[in-house]
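Take a look at the letters that make up each chain.
There are 2 protein chains.
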Amino acid sequence: MGEEKGAILQFAPFQSHVDEGFWHRLSSLKLNKLGIDDSPIPITGYYAPCSHAQLSNHLSLLSESLLAESSELATLQPSASNRNKCSVPGTLHNTNTLEAYLNIDKQSLLSSEAKKIWDDIHSGKAVEDSTVLSRFLVISFADLKRWSFYYWFAFPALVLEPAATLINIKPALQWLSSVEAESLSTACNEWRNSSSTADVPFFLVNIASDSSARIRHLKDWETCQGHGDKLLYGFYDPCHFPNNPGWPLRNFLALISTRWNVERVQFLCYRENRGFADMSLSLVGEADISVPPGWKDNRHVPNAVGWEFSMGKKGSKCVNLSKAMDPLRLAVSAADLNLKLMRWRALPSLDLSMLASTKCLLLGAGTLGCQVSRMLMAWGFRKITLLDSGKVAMSNPLRQSLYTLDDCANGGEFKANAAVKHLKEIHPAVEAEGVVMSIPMPGHPVTTQEEDGVVNDCRNLHELIDSHDVVFLLTDTRESRWLPTLICAALNKVTITAALGFDSYLVMRHGAGPVNAQSGLSSVTSGTSPSNSEGMRLGCYFCNDVVAPIDSTANRTLDQQCTVTRPGLAPIASALAVELLVGVLHHPLRMRAAGEHANADSSEHPLGILPHQIRGSLPQYSQITLVGSSSRSCTACSETVVEEYNTRGMEFLLQAINHPTYLEDLTGLTDLMKSACSFQLEWDNEVDDGEDCVEI
Amino acid sequence: MGEEKGAILQFAPFQSHVDEGFWHRLSSLKLNKLGIDDSPIPITGYYAPCSHAQLSNHLSLLSESLLAESSELATLQPSASNRNKCSVPGTLHNTNTLEAYLNIDKQSLLSSEAKKIWDDIHSGKAVEDSTVLSRFLVISFADLKRWSFYYWFAFPALVLEPAATLINIKPALQWLSSVEAESLSTACNEWRNSSSTADVPFFLVNIASDSSARIRHLKDWETCQGHGDKLLYGFYDPCHFPNNPGWPLRNFLALISTRWNVERVQFLCYRENRGFADMSLSLVGEADISVPPGWKDNRHVPNAVGWEFSMGKKGSKCVNLSKAMDPLRLAVSAADLNLKLMRWRALPSLDLSMLASTKCLLLGAGTLGCQVSRMLMAWGFRKITLLDSGKVAMSNPLRQSLYTLDDCANGGEFKANAAVKHLKEIHPAVEAEGVVMSIPMPGHPVTTQEEDGVVNDCRNLHELIDSHDVVFLLTDTRESRWLPTLICAALNKVTITAALGFDSYLVMRHGAGPVNAQSGLSSVTSGTSPSNSEGMRLGCYFCNDVVAPIDSTANRTLDQQCTVTRPGLAPIASALAVELLVGVLHHPLRMRAAGEHANADSSEHPLGILPHQIRGSLPQYSQITLVGSSSRSCTACSETVVEEYNTRGMEFLLQAINHPTYLEDLTGLTDLMKSACSFQLEWDNEVDDGEDCVEI
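Residue numbers (UniProt numbering), protein chains in the order written: chain S, 1 to 696; chain X, 1 to 696.
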């Protein structure tokens, strides 16, 4: 049509704006769902007609840009119509490494995104749903350890060759008559207020000879032709510049020229003020487009541009959110990070929420108790109760890894309380509790005056164990483990024992209790006798004993007491105890799982085999696994003893505490010993193996 | 002689008084020398003539009561004559347990001590050396963990049957004429001021008819007889009572009656005021003794009494010194306690002073560095330097056992500094130092501008390693271990490596360096090529590699980074690393000791075998030991490389850092790889075994 040669039409590019919520959701999605999967992720960007110079040209990512649940990804839909959030379909390429991010083939990504636009223009899809005329892509690397996010946006625009030339551009109010402007304002406001069109960013404006303006969908283009009305190609313009249209017009022009062969285009850059059409801010421009020869052929995809400029030049952006985050939240998220990363590849089946909600009771807050609670925290356990009656002494901090010398002042803090304090210094979100209490012990007889207190302790211990899921036996004497072992057997609690000799260690899990009552696993064992999957009930710490536990502290010289062990033992045994627990908790049969040996085929479970006992020797640097069945004469977990406890309760306990031989009579050990003695067996060697010696 | 019947003569008993210094020395002797040896220990008590009502009847134990070195015990001698410290020979029965203390046969101990007195009276020894007339014994139990000392004194006194009766007793000033009193005062002061008699507590007083008084030794008794002079039996009286003599008189009376057949005794209770004889405080008494019939026969030992009364009744005393002690000293002593107890029986050869003076350099203060430094402290190492360039991040405290969340504030403290701070909170006497520095790495090329800094780092690292005895490699990448490995090989330093995979660990000690220079063990290896006792030089961390170390962090996804390991691994590997070091340091060949396998006869050393490598698997709960020889193509410890480093120094290092293939060419690995490739071996599997992955 016209012969005028104007300047090249220039477009104000989009500027990306990413809300923190987006990065939070991306982090969570990556950690919890995607793992190492780095496939492109569909996301949605949002923009709106410019209504304020400071929001000019923004394309925003919000938390809802990314649907957190991967199950929703398949059915990604633009959110409900929102006049200030016109959706733009985008693609996120989040790489697994910074190197991959830096080495990404940006031109090829941009071209393939541009091709989608090109194809949609040619197929007519862009006319049906103009949303797809604007697209964007983001490449990113989320450094979840440092809360740093590297990213780069591209807003692909098909390049017209030669470029469109601008004939003129001016505020719509000048281009239109005042009546036309009034009518157009009204029409636009209606369009923008209708839920079906509010977020339709490209449209046609028909201005009839009577100055009445009407907005139409792109698909109505044909019906707008031929009756002499003025036709403006309108679009929501995110730009506020007085002489330039915003970025969305570029692909719109490509559509207009390619699809409709229009060579001179009058366009409306629709802009608002305070939510209403503003014809003084909106622009009308006139441009010439020469459709390049090849464009008719959709196999020839035109060049595309659109990588975002940052600070005036092409470049990646980086944001670090660690400082902006609430310290507690940051701590919690940092704490889970390593564990969640383990699920990406090494242990996809790791059930972190199960671990976090498992209630652990640690009997003993000494060398083992401190280290076990540290290990539990590192594995993501968050509910930890420590029971101990002792106070922190000067010689403790060097081996008991939660305490410092300050805890020893003024006679020493109670270990249970000091441990809780320090666990919270490590991780404020831990739900740790301290219980200052001693455990009644057989072989430590009580006077009549003391009976009430001891009965009270027994009841409290029973309630504590009942209210937890897992019990660790980490006390410093064999006999203090008897009552908890019995109660755990009666209540069917997962029970883990760690015990140290001078240079050897034993870590074991107790078998299930002998009576099926109160089992949380009725579906597995209902109707059958309580047994593990191979029909054998695993033993407890006392199952190999042939005498009842007695007072083992009497007559011990200082160097026979419990802290006198090689320092390496406690951290090793504690680590193994918690690793073993994690294995038990991930086994479908839990405490009823059969005991496995090393060299068993561990491919079944990524955590490895589930042994019953692990014994190690420091002088030999060796470690073996053992399986032992429960003993019918066990003084702690046999059916006889558990039944007595269940029926006679405290009366039975007092009898056992005051008269240890009572347990031996009850379980038949007395008879066993008699017969054993007649064979001259050296039972003593087996009983006093020194592995019951652990500092509390 | 007389017919008067007086009251029974009553004696004021000794009261024990133990100086804190005594308990300190006893603790030290027990811990460091005696161990479980509970044989009776000769000790010395001290008393003096009473000079003040508040010091009345004291028998004191001071630190010098106990000679600290057991070698001195054999030659126990009273200390040089001191007029205020008359020695009393005593015996200490220090038991190993509270039970043994409570069950001690007190009557029999007392009798046997009394018998010594009895025998000395009969043999005449008591006349020659009157010191042995007073004896005492102490039973005790030293609870070294709580700084509590239970003890009970006995001051054995032979019981006269019937008891001596008192005729009269009055101040010497009243009994003597004033001239006699004057003369006696002068004589006594002379006796007390002569170094040969100042601490001779029993003596004879001869008062001639001219009122002149003369003091004589007991052995001069015969010469005092028969010339009508008054004869007083004098003794240093620790008592201040106006009507009673002190305890020493009891056995003196037994001597007088048994040995000299005297039935009426005039005795002088010698007392002082401000260091001079005081005849108004001193008493002269007269008593009748009937020597029992059997006393002439020394086989009949008379009954003895003398267990001390406490608070008016017989009973044990207890003192707790923990509150009175300087907190730092108490902490130091408590810290060493468990270790010293280990030497009593389990590890008598443990050389704690060697460990305390061994300077350890830890490269890396992450998960492994924190745990290794805790283990070192527990084993009694007191000189620890930590090197790390990183800061404490939010995700660290849960696995890096020295840090708390507070260390993460404001971007995080430097780990090296935070670690030192926390080590001192655990044990204030540790000599810990932090070095904030990164380790130059091959495969991480540097620009010309950076070269000076890198060369500086190399030099600093060399100096640091040179000034330490032991180096731990605990960094998070394989390549950061190259330079320290090389420097350790060049300087022949004991080097321990700990490295983690996702669920496996490797702990190893490096072999000796290839060049014999600068070895501290020239006596062992002089004249021979550097090799262990079996002629094989053990390998280093790089000896199995067939490529030079390169940048291993690039292209690692988050879950392939180093914190993503099962939490139990680091405490296990750290514990083993320090146990291994303790083994190396106790071996006479140290780093040149041959690598031993598990199941080797470990009876040779109480610490057990000394393996070269320990590899463990958590899924299998297994652990094995391996021995590997050094490689002539090793990029870190081979003679070629060490020679290059020694001769070309920094120039060589920059070449290696900037051009990793240079190392491969130098060592012949390039050729090796070429030939290997022609055999289609899958070298990659061996190289990338994932065990080089440890968080710094």
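One thing to keep in mind: the hints can contain errors.
Remember, identical chains collapse to one label, so a pair may be satisfied in a single copy or spanning two.
Stated by the list, open to error - With a straight-line Cα cutoff of 25 Å, these simulated DSS-like cross-link-like pairs (lysine-lysine) come out: (1) K115 to K170; (2) K323 to K391; (3) K391 to K145; (4) K317 to K391; (5) K170 to K296; (6) K145 to K359; (7) K424 to K383; (8) K313 to K33; (9) K391 to K313; (10) K424 to K391.
Keep in mind the hints are simulated off the structure, nothing from the lab.
Results for each hint:
1. In this assembly of identical chains, the alpha carbons of K115 and K170 never lie at most 25 Å apart, being 33 Å within a copy and 127 Å across copies at closest.
2. Taking the shortest alpha-carbon separations for K323 and K391, only the inter-copy value of 15 Å comes in at or below 25 Å, while the best intra-copy value is 38 Å.
3. Proximity of K391 to K145 under the C-alpha cut-off of 25 Å is restricted to the inter-copy arrangement: shortest distance 13 Å between copies versus 38 Å within a copy.
4. In this homomeric assembly, K317 and K391 come within 25 Å of each other (Cα to Cα) only across copies, at 24 Å, whereas the closest approach inside a single copy is 53 Å.
5. With identical chains, the CA atoms of K170 and K296 are never at most 25 Å apart, being 32 Å at best within one copy and 141 Å at best between copies.
6. Proximity of K145 and K359 under a CA criterion of 25 Å is satisfied in neither setting, with 28 Å inside one chain copy and 34 Å between copies.
7. When the C-alpha separation of K424 and K383 is checked against a cutoff of 25 Å, the pair qualifies only within one copy, where the shortest distance is 12 Å, while the shortest distance between copies is 30 Å.
8. Taking identical chains as interchangeable, the C-alpha atoms of K313 and K33 are never at most 25 Å apart, the minima being 35 Å within one chain and 77 Å between chains.
9. Within a single copy, K391 and K313 get their C-alpha atoms no closer than 64 Å, and across copies no closer than 32 Å, so neither meets the 25 Å cut-off.
10. In this assembly of identical chains, K424 and K391 lie within 25 Å of each other by CA distance both inside one copy and across copies; the values are 19 Å within and 21 Å between.
Checked against the numbered hints listed earlier, the structure breaks hints 1, 5, 6, 8, 9; every other hint is satisfied.
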